[in-house]
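S.K.: Sequence:
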Amino acid sequence: MKRTICTILAIFSACSLISAQKFSLGIQPSMLVVGAKFSETPNVIDLKLSSRLSYAFGITISSQLNRFLCIKAEPRFIAKGYDMNWSASEKDVFRSGYLSLPILLSLSPFKNFSIDFGPEVCHLLNSKVKTYSSNSFQNYNSPNLKPLELSIISGFNYYFLDRFDAGFRYGFGLTPYEYGPGIIADWPGSLPHYKITNRYFEFYLNTRLLSKSKK
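Residue numbering for the sequence shown follows the numbering used here, beginning at 1 and increasing consecutively.
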């Protein structure tokens with residue numbers, strides 16, 4: 001299903017590029033506050049996940065369809081993660097790297113200002129953990145990790161000086177980073193199932209290196 005969604009997004013993006021009135025290419029670094037949500041059925045432990053600062057970096061391909069509507073494709077690397085707090089002094093630190101492709105619809109109700117909304121498909125490249133009893137990161141090879149992740153992004157963007165876009169977004173996972181039976185393996189009786197879903201806040205600055213209008 002996720003591979004089908006990726007194919008549809010790629011076709012949609014290609015069609016948008018062909019019909020665009022204006023095309024632009026840029027580079028986009030981002031600063032993020034990343035975290036995750038933990039849920040469990042039935043609820044056995046009160047586990048807290050805390051957020052941290054992170055980053056993303058990639059390129060932007062923007063296709064202006066008309067005065068009010070634009071399509072953006074943003075292939076990039078994004079670093080996600082969270083801290084799993086077992087107590088006030090004990091926590092495990094999780095870090096994960098993704099190859100990401102947001103496909104966003106940008107609506108401009110006012111000049112130089114737009115509202116962005118759309119899906120983001122991520123492929124997991126690596127996952128690491130540093131436990132409270134160790135001093136370095138190790139590969140995290142849980143069988144419950146999910147290699148593909150689908151998220152929704154929403155936010156706003158401001159265009160200035162005919163070259164720069166600055167914006168703020170919120171992204172939350174529709175599919176889990178990790179899902180499976182029991183964090184606590186020795187739980188008696190039926191084993192509960194847990195789910196960890198990524199989410200993040202993002203501030204970015206896009207610099208347009210190339211811009212071309214359709215004649």
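Derived from the structure by calculation, the hints contain no laboratory data.
Incorrect hints may appear among the rest.
To be verified - List time: in silico SDA-like cross-link candidates among lysine to any residue, alpha-carbon distance up to 25 Å:
(1) K37 x Y170
(2) K22 x K128
(3) K195 x L161
(4) K48 x F113
(5) K195 x P176
(6) K91 x Y132
(7) K212 x K48
(8) K111 x N66
(9) K195 x K111
(10) K195 x A88
(11) K146 x K22
(12) K22 x G180
(13) K37 x E90
(14) K212 x Q138
(15) K146 x L174
(16) K128 x S87
(17) K195 x K212
(18) K130 x I45
(19) K212 x I45
(20) K146 x G118
(21) K212 x L161
(22) K91 x G180
(23) K128 x N141
(24) K48 x D83
(25) K130 x A79
(26) K128 x I61
(27) K91 x S154
(28) K37 x L161
(29) K37 x K22
(30) K146 x K212
For clarity, every value in this text was computed on a predicted model and none was experimentally measured.
S.K.: Does each hint hold? Answer for all of them.
M.R.: The hints, checked one at a time:
Between the alpha carbons of K37 and Y170 the distance comes to roughly 14 Å, so the proposed pair stays at or under 25 Å and holds. Between K22 and K128 the alpha-carbon distance is near 41 Å, which puts this suggested pair outside the 25 Å criterion. Our distance criterion of 25 Å between C-alpha atoms is broken by K195 and L161, whose separation comes to about 44 Å. Distance check on the hinted pair: K48 and F113 sit about 37 Å apart at the alpha-carbon level, beyond 25 Å; violated.
Our distance criterion of 25 Å between C-alpha atoms is met by K195 and P176, whose separation comes to about 6 Å. Our distance criterion of 25 Å between C-alpha atoms is met by K91 and Y132, whose separation comes to about 5 Å. Distance restraint check for K212 and K48: the Cα-Cα separation of roughly 48 Å exceeds the 25 Å cut-off, and the hinted pair is therefore not satisfied. Between K111 and N66, the direct Cα distance comes to roughly 13 Å. Compliance with the 25 Å bound is thereby established for this hinted pair.
Distance check on the hinted pair: K195 and K111 sit about 42 Å apart at the alpha-carbon level, beyond 25 Å; violated. At most 25 Å may separate the alpha-carbon atoms for a hinted pair to count; K195 and A88 meet this at roughly 23 Å. This hinted pair does not check out: K146 and K22 have alpha carbons roughly 37 Å apart, beyond 25 Å. With a C-alpha separation of about 46 Å, the suggested pairing of K22 with G180 is violated against the 25 Å cut-off.
The straight-line distance between the Cα atoms of K37 and E90 is roughly 19 Å, inside the 25 Å bound, and the hint therefore holds. Between the alpha carbons of K212 and Q138 the distance comes to roughly 46 Å, so the proposed pair goes past 25 Å and is violated. This hinted pair checks out: K146 and L174 have alpha carbons roughly 12 Å apart, not beyond 25 Å. For the hint linking K128 to S87, the alpha-carbon distance of about 21 Å falls within 25 Å, and the restraint holds.
For the given pair, K195 sits about 45 Å from K212 by alpha-carbon distance, which is inconsistent with the 25 Å threshold. For a cut-off of 25 Å, the pair hint linking K130 to I45 stands: about 21 Å separates their Cα positions. A C-alpha spacing of about 55 Å is found between K212 and I45, which places the hinted pair above 25 Å, so the restraint is violated. With a CA separation close to 21 Å, the supplied pair K146 and G118 stays within the 25 Å bound.
Under the criterion of a C-alpha separation no larger than 25 Å, the hint pairing K212 with L161 is consistent with the structure, at around 16 Å. The hinted pair formed by K91 and G180 meets the criterion: a straight-line CA distance of about 21 Å does not exceed 25 Å. Between the alpha carbons of K128 and N141 the distance comes to roughly 8 Å, so the proposed pair stays at or under 25 Å and holds. At roughly 8 Å between alpha-carbon atoms, K48 and D83 fall within 25 Å of each other, so this suggested pair holds.
Distance restraint check for K130 and A79: the Cα-Cα separation of roughly 16 Å lies within the 25 Å cut-off, and the hinted pair is therefore satisfied. This hinted pair does not check out: K128 and I61 have alpha carbons roughly 31 Å apart, beyond 25 Å. Between the alpha carbons of K91 and S154 the distance comes to roughly 31 Å, so the proposed pair goes past 25 Å and is violated. Proposed proximity of K37 and L161 is contradicted: the alpha carbons are some 38 Å apart, above 25 Å.
Of the pairs offered as hints, the one joining K37 and K22 is violated, with about 39 Å between alpha carbons and a cut-off of 25 Å exceeded. Restraint check: the Cα-Cα separation between K146 and K212 comes to about 39 Å, which exceeds 25 Å; the hinted pair is violated.
Checked against the numbered hints given earlier, this structure breaks hints 2, 3, 4, 7, 9, 11, 12, 14, 17, 19, 26, 27, 28, 29, 30; the rest are met.
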